[in-house]
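As a plain string of letters, each chain reads:
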Amino acid sequence: MSANTAVAEKYRNNFLKEIEEQVEMGDWVKMCMQCGVCSGSCPTNFQSAWEHPPQELFMMIRAGKREEVLTSSSMWNCTSCYNCIVRCPRKLPITHIMHGIAEYAHRLGMAPKLQPTRFFSGLFWKNATKTGRVNELKLSMGLYFKDGLGAGIKEGMKMKDVALGLMKAKRLNPFEIIKGHACKDQKGIQAMLKKAYEIERSRKAAKVAG
Amino acid sequence: MADIKVAAYICKGCGLGERLDTDALVKIAQKDGKVPMAKSHDFLCSADGVAMIRNDIDNEGVTHIMIGACSRRAKTEAFYFPSNAVARANLREGVIWIRPDTEEARETTQEMAEDYIRMGCAEVKAMTAPGGNPNTGSSKTLLVVGGGVTGMTTAIEASKTGYPVVLVEKTGELGGMAGKLYKRIPVHEPFKSPADTGVADLIAQVMGDSNIKVYLNATVAKTDGAPGRFVVDIATESGATHTEDIGAIVQASGFTLYDMNKLPELGGGQSPNVVDQLGLESLARAAAAGDGVIRRPSDNQPVKSVVFVQCAGQRDPTGTHLAYCSGTCCNTSIKQAMYFKDANPSVDTTIIYTDLRTPGNGEDFYRSAQEKGVIFTKGKVAQVVPNGAGSTVKFHDLILDDTEAAMADVDLVVLATGQVPNSGVDIFAAPKESEEGAVEVKPISILNLNYRQGPDVPQLKQGFTDSHFICFPYETRRTGIYTAGPVRRPMDIAQAREDATGAALKAIQALENAELGRAAHPRSGDLSFPKVRLEGCTQCKRCTVECPFGAIDEDEKRFPVFNESRCRRCGTCMGACPVRVISFENYSVNTVGAQVKAVDIPDEFSEKPRILILACENDAYPALDMAGMNRNEYSAFVRVIPIRCLGSVNTIWVTDALNAGYDGVMMMGCKHGDEYQCHFVKGSELGRVRMSKIDDTLKTLNLESERVRDLEVAITDIERVPEMINKYAAELVAVGPSPFKGF
Amino acid sequence: MAKKEYAFYPGCSSQKGASASNYLTSVESMCKTLDVKLTEIPDWNCCGASIGYAEAGELPRHVMNARNFALSEQHLPGQEIVATCAACWLGARETRERLTHSDTLMADTREALKEAGLQIKEMPEIRHMVEVLIEDLGFEEMAKHVVRPLEGVKIAGYVGCQTNRPFGVAGESFENPMYLDKMVEMVGAEAIPEYDMKVTCCGGALAFSEPEKAQAQIKDIVESAYDHGAEMIVTPCPLCQANVEIYQGQINQRYGTKFNIPVMYYSQLMVVAYGGSAKDAALNGQVIKARRLEEIAAKPVKR
Amino acid sequence: MTEHVATNETILVVGGGISGMTAALEAAETGKNVVLVEKNPALGGRTSQLYRYFPKLCHPVCGLEINQRRLKNNPRVRVLTLAEVSGIEGSTGNYTATIRIKPRYVNENCTACGDCERAVEMQVPDPFNYNLGQHKAAFLPNAMAYPQRYVLDPAIIGSADAEKAKAACKYGAIDLDMKEETIQVKAGAVVWATGWQPYDAKKIQPYGYGRFKNVITSVEFERLADIHGPTGGKILRPSDGKEAKNIAFIQCAGSRDENHLRHCSRICCMASLKQTHYVREKYPEDGKSTIYYIDIRAIDRFEDFYQKVQADPSVSFVKSKVARISEDEHGNPVCWGVNTEGYKRYTTPHDLVVLAVGMEPSVKGVDIPGHIVADSSGFIEADPANGAVFGAGCASNALDVNRAVQSATAAALRAIQVVNKVAKAEA
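Residue numbers (numbering that gives the first Met the number 0), protein chains in the order written: chain R, 0 to 209; chain P, 0 to 742; chain L, 0 to 302; chain X, 0 to 426.
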């Protein structure tokens with residue numbers, strides 16, 4: 000949490016500035032005019048309400064409600080359907096801001112630990128970047144076993160029929176467990192990503208330093 | 000008076016020839032109408048028909064023309080004889096189009112047409128072609144009262160148009176409110192940043208213009224006369240009085256900011272660090288003069304955080320403060336927040352609003368402010384608590400629905416209080432009792448009009464000057480005197496300059512027409528004017544009291560003094576006069592009375608009642624016309640006479656009608672009250688007040704009150720009016736025929 | 000020499016034995032008929048997809064896509080990249096736009112790519128297969144090859160999100176795109192233009208992480224297809240296809256519905272209409288079998 | 000009326016709506032000669048298509064009647080209808096405008112008796128009613144039409160109906176051989192008052208205008224409420240003619256939106272507040288209005304109108320820009336969104352949805368003949384580079400009627416200043 004408190008200290012009550020500098024597309028937050036189109040366009044918001052819909056998150060950020068925002072489960076409800084983006088009268092890249100805030104909360108370790116999408120998101124990225132290509136079987140397994148073996152088997156059983164169906168259709172390959180698809184130049188990919196992270200981190204740090 | 004020669008022309012076109020016995024109509028004109036020269040024509044509005052009339056004018060010496068054809072609203076180009084007296088009998092829209100084309104209807108329809116011919120002939124004989132008001136003045140000079148942006152713009156624009164200007168400013172310098180601003184709201188693409196006010200340039204233009212005479216530290220002590228011949232006394236600081244001959248006046252007396260001391264709960268007057276928008280402007284100017292840093296009044300520390308409170312003392316439904324929105328404060332606060340952000344982006348600027356109102360391209364200005372980092376919070380400020388140098392702003396965050404929201408240690412709070420018009424004395428205001436201890440400040444007159452009806456221009460309930468503020472925003476109730484700028488409606492610089500330019504035109508137009516003896520809006524160009532036979536006057540003062548435009552003064556013997564060029568020709572004075580000594584050349588107690596009397600009244604056994612309709616020519620009469628165009632039928636027993644305004648209805652017309660055996664009278668006028676639709680503002684109201692007393696007259700004649708109906712009619716009532724007529728006709732059958740028939 | 004050539008970016012799900020392998024098979028047959036040559040970008044990598052956001056950060060995500068650009072430029076110079084997967088197309092296209100608009104991002108990306116010994120120059124255009132079909136070939140051309148019209152088959156065109164927003168197919172509306180319906184008609188089947196769930200989100204990755212939320216949406220999508228009398232659903236997106244098809248069983252359990260509607264790729268419809276076999280169209284790749292199509296595919300081609 | 004010859008002392012006014020009529024009349028009543036050009040067959044423009052004005056709820060045609068009377072009495076204004084300015088050459092004090100005049104197929108002999116209308120069969124869409132209804136192909140543009148003269152729709156020309164119309168006219172008013180003509184008019188100054196047009200609601204995809212019959216625009220709603228409109232003043236919904244009693248008004252339909260119009264159109268809030276009054280007027284018992292808004296912009300004195308409407312129990316306000324509209328099985332449009340005051344989700348069905356569509360200039364700045372400086376929305380800016388071409392009314396900004404009239408009066412003075420200089424020079 001030290002990283003977290005550090006920035007928090009630096010920005011004191013100006014949470015908006017923190018978001019602008021640390022979050023992808025965060026500098027758009029100030030442009031919201033609170034019309035609510037994003038919140039009204041979000042499918043998951045109508046299936047099962049968000050704790051705080053996008054436009055409300057933006058207001059909370061302006062109001063300096065740092066803790067509530069970063070620990071919120073809200074952003075993790077985003078399905079990347081991009082309805083909000085195409086409808087926003089102020090052209091805010093809302094989907095990306097949601098992802099950005101989520102990523103930042105995750106980076107600070109403030110995101111809800113048990114939020115399944117947070118977990119899956121991380122899992123997916125690791126899975127995809129490990130070899131350069133997604134290993135769907137390991138991905139699903141990883142998800143089911145996130146809460147340990149027992150829970151994993153239970154989850155797995157739930158998905159049994161789905162998995163079987165896919166296997167019958169040759170769209171799920173049990174052998175991926177051993178050897179799945181992969182890029183040849185994995186070293187290159189790792190090196191490239193390592194560098195990318197370095198650059199990004201240093202840039203954001205520079206902003207904190209001001 | 001020169002001898003008159005009347006001619007009657009009856010058209011057979013548009014089905015008139017088929018539906019009516021036009022030969023009979025010609026005979027009626029000759030026999031009953033006593034117009035020997037009566038002709039019919041197959042197509043009167045055709046080149047040939049018009050040529051026939053022209054020829055009679057030129058070669059037969061015809062002076063008075065009665066046209067029996069379509070409505071006076073139709074074919075006006077064809078029947079345009081400005082130098083003759085013209086009456087139009089409405090046989091088309093008023094007769095055949097509102098009657099069924101059936102055998103049984105034929106008789107009553109014909110009777111209707113015949114009456115209209117009789118009425119037309121009677122009317123035209125009672126008319127003379129108006130010659131214009133001789134009592135004119137020819138001053139081309141504009142008086143502009145107020146040296147702010149509005150006044151200066153009016154002066155400059157008038158001068159550019161070629162008219163000399165006298166400009167009176169009560170303070171020692173030009174510039175007014177705008178002169179106190181650091182910058183203004185942008186008016187050009189890209190609408191992103193505050194712009195120069197341009198006031199200095201305006202002042203330079205005014206001072207450099209030999210055509211503009213400027214009086215500083217001066218007020219208008221007395222305004223006498225009428226458009227084209229105003230005589231204005233200007234009092235200066237030195238005590239000296241200068242008298243100027245003036246053609247027309249533009250009042251640009253501007254506004255005063257609503258007093259923030261009336262808002263203690265918002266910190267108004269509680270701390271030097273709570274200021275109004277003007278206060279902030281002076282801080283910004285001070286900063287600009289110095290190191291560019293806006294400082295806190297209390298301790299001169301640089302402002303690090305500022306909160307703008309919108310609608311402070313405005314949009315208040317309780318009536319304690321201003322009920323209206325000043326329309327410009329949102330943009331102003333945005334501009335002022337930019338003062339801080341442009342100088343130092345790290346200053347926290349928050350605007351707390353309920354509805355952000357930035358119309359038009361103001362939206363770009365709003366977006367620009369957001370880009371610059373100005374925070375907009377939708378909320379209602381409950382309280383501003385100054386503590387030490389800082390203040391705490393407590394508000395209800397409407398988005399987060401947080402009633403306890405607060406911002407602490409705010410260096411500076413700016414209250415967006417509204418614009419209060421400097422409109423002088425409200426001559427109709429009921430004296431309001433002042434609350435405990437408070438001293439009632441008497442408003443100071445701006446124009447000191449030496450008018451029977453008071454020293455200033457009448458106002459609407461919120462103190463803005465009265466006008467038909469939708470279609471005809473400039474039309475005040477004092478002819479030749481126009482108001483411009485925030486005294487009419489809250490405005491910013493851009494709007495005020497536009498308004499000032501328009502007002503300059505209206506003033507120029509007024510003095511030009513006054514010189515030609517013509518009326519101003521809404522009867523613009525009308526050459527008729529009120530004439531009074533003083534020998535018959537009883538000094539009852541009704542005309543001087545009622546005139547909606549304050550055109551009539553009183554002399555020491557309390558006789559009315561008509562200022563024709565202040566007059567709008569509505570005829571309210573004529574309607575008010577109990578002794579009927581006021582008339583217009585082409586519209587008088589006689590022109591209407593003669594029509595009333597000309598109608599042929601069948602006896603009580605005929606079962607043919609007669610109903611007189613006096614219809615306002617602007618709304619009710621067009622509605623009746625359009626009912627005709629729609630072929631909406633109504634009773635053949637009505638006889639319609641268009642009138643200039645309900646206010647011009649003289650009771651004698653009604654009593655004459657009833658005495659003559661009419662069974663009923665319908666009066667159709669416009670809506671009155673706060674949302675009045677009468678184009679003479681008070682005309683329809685005054686007419687109604689007058690008619691409310693008609694019951695006494697009815698009693699003396701012992702007639703039922705049902706015999707007179709006063710109706711509010713709008714121009715769109717093309718179905719409602721026929722229904723009302725038919726309903727009333729049916730009711731009258733129940734009431735029974737008038738006992739006065741056949742006398 | 001083929002009529003058209005493109006650098007091909009199949010994406011992870013289209014690989015052999017992966018969830019959209021049937022998509023790939025049918026696309027290959029379709030392109031053969033249309034004489035479109037697809038050359039796979041050597042050693043292409045994952046686009047990161049939108050769901051990768053928690054860990055991906057901004058630059059790493061773009062670098063992943065940039066690597067594919069670099070490889071494509073290096074091995075298939077002058078060719079535009081075609082993706083069949085909505086997410087791949089979106090991810091790659093977004094990266095391309097961001098890099099074009101930010102010099103810093105571009106510089107940083109180049110620096111990172113050096114580590115893999117790669118570099119980008121102009122960056123090729125990124126196209127979705129549907130764009131290629133509509134814009135480069137056109138409906139007329141596509142229709143020419145129909146030899147076995149899917150007469151009487153009523154198909155709901157489910158466009159979904161990521162081929163439609165934020166970029167979408169040029170000239171189409173976000174709320175009511177018509178191209179899929181036009182394709183359905185083009186293959187001789189019956190379209191349902193008023194199908195009101197055509198752009199409703201299938202839940203995307205939430206189908207894995209929060210099934211109940213995703214499945215609530217999938218239910219609406221399928222239900223509405225039934226309400227409009229559809230026999231099958233067609234889509235241009237692998238994740239849409241999988242989500243809408245494979246969870247119908249679970250949805251039936253959850254909501255007591257009796258869903259069992261096939262969910263096809265446009266490419267599969269075209270292959271069958273073009274006279275291809277069930278195998279060419281990878282109809283065996285359906286979890287919910289498309290009987291009507293299998294029957295039609297079994298019929299002889301009327302030439 | 001009388002055909003005075005246009006000279007460099009003439010003022011050309013383009014557009015015969017309330018702004019153009021005002022500019023023309025104010026100039027004429029100050030003694031200047033004016034040529035007034037209107038592209039429609041009758042004057043009156045957009046306001047003549049309104050049922051009532053805010054905030055007085057009076058009828059626009061009442062003011063139109065006055066203006067028409069001013070016109071009838073003033074020989075200085077020459078009116079050209081069905082006419083469009085296609086070019087303006089020259090410079091301050093010396094312009095030549097090229098004007099294209101479409102054939103009316105009816106000459107000044109017309110008495111507006113209506114025989115031709117009764118004679119013909121053909122029906123054509125009625126643009127005065129935004130094509131919500133139809134009228135005969137021989138028609139009077141509207142009840143208040145000035146000039147009060149019939150028009151033949153081009154569609155009828157060459158048909159047997161056209162011959163019927165010609166035969167029916169006893170006054171030789173119908174001339175089927177009329178051709179489009181192009182004339183040139185000299186002028187010292189030009190007042191450009193071509194007004195506004197409603198933003199094309201089809202472009203606002205989430206609201207389904209064009210897809211859902213019961214989603215209409217605010218200007219169309221005016222016609223539904225008007226006695227002269229297609230429903231004779233009854234508020235009936237297009238899909239099934241059912242009485243529409245539960246009506247949603249959606250603000251900023253196209254305005255304040257970077258995807259559509261970037262500016263705020265100013266009048267829409269007041270227009271919707273006004274229109275709730277129509278609902279109340281027609282259905283006093285059970286009429287219900289809901290206004291979905293971002294900010295209610297009831298500026299200056301209009302605020303108390305807003306307060307009156309707020310006090311009305313039949314009107315509710317939702318602080319929300321509706322995200323999308325769907326249609327339920329009864330053909331009711333359903334509004335989806337979130338009330339941002341305290342985050343409340345809603346999916347609310349209504350009988351009818353009225354989109355408060357934004358205002359855009361009828362003629363975009365770039366399309367105005369000559370090189371005119373306009374802002375990014377296409378409104379004419381006051382700029383010396385425009386010479387003696389002056390924007391007036393809604394061609395110059397998003398304005399309500401009283402501001403438009405002000406603007407037009409100001410423009411008239413600017414034009415007069417120019418022609419006065421010309422007069423001085425020529426004298």
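It is worth saying that the hints were derived from the structure and are not from the lab. Hints are supplied without guarantee of correctness; some may be wrong.
Each computed DSSO-like pair below joins lysine-lysine, with the alpha-carbon atoms no more than 27 Å apart [claimed, not checked]: (1) L/Lys31 to R/Lys157; (2) X/Lys185 to P/Lys261; (3) X/Lys307 to P/Lys159; (4) R/Lys169 to R/Lys186.
Calculated from the model, a selection of chain R residues having no Cβ within reach of chain P, i.e. all distances over 12 Å [claimed, not checked]: (5) Leu15; (6) Cys31; (7) Gly35; (8) Met58; (9) Arg61; (10) Lys64; (11) Arg89; (12) Phe118; (13) Leu138; (14) Asp160; (15) Glu175.
Far from chain X, some chain P residues (derived; all Cβ distances over 12 Å) [said to hold, decoys possible]: (16) Arg53; (17) Arg366; (18) Asp408; (19) Gly453; (20) His467; (21) Pro489; (22) Glu616.
Nothing here was measured: the structure is a model prediction, and the numbers come from that model. Each residue gets a CB set at the ideal place from its N, CA and C atoms; glycine is no exception.
Here is how each hint holds up against the structure:
1. L/Lys31 to R/Lys157: violated, 40 Å
2. X/Lys185 to P/Lys261: violated, 59 Å
3. X/Lys307 to P/Lys159: violated, 44 Å
4. R/Lys169 to R/Lys186: With a Cα-Cα distance of about 30 Å, the restraint between R/Lys169 and R/Lys186 is violated, given a limit of 27 Å.
5. Leu15: Non-interface label fails for R/Leu15: nearest chain P Cβ at 7 Å, not farther than 12 Å.
6. Cys31: With a cut-off of 12 Å, R/Cys31 comes too close to chain P, as the shortest Cβ separation is near 8 Å.
7. Gly35: violated, 9 Å
8. Met58: Its Cβ does come within 12 Å of chain P, the nearest being 5 Å, so this is violated.
9. Arg61: violated, 5 Å
10. Lys64: Contrary to the label, R/Lys64 does not stay out of reach of chain P, its closest Cβ about 8 Å off (not over 12 Å).
11. Arg89: Nearest chain P Cβ is 8 Å from R/Arg89, so the label is violated.
12. Phe118: holds, 29 Å
13. Leu138: holds, 38 Å
14. Asp160: Its Cβ never comes within 12 Å of chain P, the nearest being 45 Å, so this holds.
15. Glu175: holds, 48 Å
16. Arg53: holds, 14 Å
17. Arg366: Violated: least Cβ distance 8 Å, not greater than 12 Å.
18. Asp408: Non-interface label on P/Asp408 holds, nearest chain X Cβ at 28 Å vs cutoff 12 Å.
19. Gly453: P/Gly453 clear of chain X: closest Cβ-Cβ about 23 Å, beyond 12 Å.
20. His467: violated, 8 Å
21. Pro489: For P/Pro489, whose nearest Cβ neighbour in chain X is about 5 Å away, the distance does not exceed 12 Å, so it is violated.
22. Glu616: The claim is violated: P/Glu616 sits with its nearest Cβ about 9 Å from chain X, within 12 Å.
In this structure, the earlier hints numbered 1, 2, 3, 4, 5, 6, 7, 8, 9, 10, 11, 17, 20, 21 and 22 are contradicted, and the remaining ones agree with it.
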